[in-house]
Amino acid sequence: MIDAARRALGPVGVTLPVSFTTPLSIDLQREAVRRMERVGYHAVWTNEVIGGKDALVQLAVLLSATERLAFGTSIANIWARQPQTMHGAAAVLAQAHPGRFVLGLGVGHP
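Residue numbers for the sequence shown follow the working numbering, so the first one is 1 and each next one is one higher.
Quick list of simulated restraints, FRET-style, between CB atoms:
| hint | residue 1 | residue 2 | range |
| --- | --- | --- | --- |
| 1 | Q82 | R7 | 31 to 41 Å |
| 2 | P11 | Q84 | 33 to 43 Å |
| 3 | R38 | P17 | 13 to 23 Å |
| 4 | P98 | V57 | 18 to 28 Å |
| 5 | D3 | L24 | 29 to 39 Å |
| 6 | I50 | V92 | 13 to 23 Å |
Read the hints as simulated data drawn from the structure, not as lab findings.
Using N, Cα and C, we set each Cβ at its ideal position, and we do this for glycine too.
Work out the full structure, taking the sequences as your base and the hints as a guide.
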């Protein structure tokens with residue numbers, strides 16, 4: 001499983017910018033990841049802060065907008081949701097998009 005994830009992630013990925021004041025619209029993000037997929041990127045990463053966008057919801061939208069790109073949370077904030085909720089959401093993304101979702105956990109910023 002780890003080897004499959006490493007292959008899916010490829011050697012180079014892109015991090016979507018995070019903004020506390022003016023987040024990118026989801027339409028702009030969808031178009032950006034479609035372009036990334038067309039030019040050959042393998043992975044796209046995002047993170048979250050408490051009070052900002054929900055990274056798992058964001059990646060659900062972006063995974064559905066692409067066919068091959070792998071997506072990961074460089075930091076899904078452990079304080080943003082209960083562990084069971086985090087596990088359940090991540091499990092659904094992993095089942096719906098086999099080999100294309102990686103959950104990274106961290107404490108992030110308050």
